[in-house]
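A.B. asks: Residues 99 to 366, numbered by our numbering, are exactly what the sequence shown covers, in order.
Some clues are possibly wrong.
Straight-line Cα separation of at most 30 Å, DSBU-like style, residue types lysine-lysine; simulated pairs [said to hold, decoys possible]:
#1 K302 with K258
#2 K310 with K258
#3 K310 with K240
#4 K319 with K357
Treat the hints as calculated values from the structure; they're not laboratory data.
Computed from a predicted model, the values in this text were never measured in an experiment.
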Amino acid sequence: MPFETFSLTIENYVAQVVFNRPERANALNQTAWQEMKAIFEELDENEDVRIIILRGNGRHFCAGIDLELLMQVAQSAQKCEGRKREKLRRQVLDLQAPINAIEQCSKPVVAAIHGGCIGGGVDIVSACDMRYCTHDAFFTIKEIDMGMVADLGTLQRLPKIIPPGIAREMAYTGRNVSGQEAERIGLTNRSFVDVDTMLAEVMKIAQVIATKSPLSIRGTKAILNHSRDHSVADGLEYMATWNAAMLLSDDLTEAFQAKMQKRDAVFR
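Based on the provided sequences and hints, a complete structural model is requested.
C.D. replies: Set out below in structure tokens:
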């Protein structure tokens, strides 16, 4: 289906989801938030997709929430203070949902970041499985400069990706973190000299992942996310239950047969 604020292509099991509002630095309006949720829910169910690359058109990756939408969220005609706060809470949860859909998507999501990754853009990449960037990329938790607390996932996810002290420094100061610093602190896996090099290398990684057992990749993501949020003991218990359900699969048989026959495995 066509989208107004994104472009979507699927080839050889690799989906490319592209922010497509370059004239607004890929700031996300109401339509974009709705489309992002729909896209990742759709790709989660699409058997022709095994991995997803998320990137932006134009000079920047994503400038976060569109200021016009932010103003709409801040305004309310509701006179009852209780109902006004209830509605605002619901609006924040609605804005969180598309980012949650990235994390909850069963396929790995790889962010390829150039230019600005600002405010809500950091929320989005924090929900991705892996992040790669260009040297000229910059990351900033801009909400602090707008008199706000970042509320779409950065403060919950980022301290589990980078050292908590660095996450706090970014959140308190709103300073720019360059692409090379992002690699150094573990915010991105690697930083590349330019966009073309980054996209070529990210595509190589995506193509490798796309050759693996789809069932095992989806299971690995689910286990990693569960382990992040639970104790080691809980994680091992969950792992045993998972493999009791999923281990004896056609993918396991195909992987063993391919190894014995000295050929590449072909998974359905």
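A.B. asks: Are the hints correct? Go through all of them and say.
C.D. replies: Hints versus structure:
no. : hint           : result
1   : K302 with K258 : 26 Å, holds
2   : K310 with K258 : 26 Å, holds
3   : K310 with K240 : 38 Å, violated
4   : K319 with K357 : 24 Å, holds
Hint violations for this structure: number 3 only, all remaining hints satisfied.
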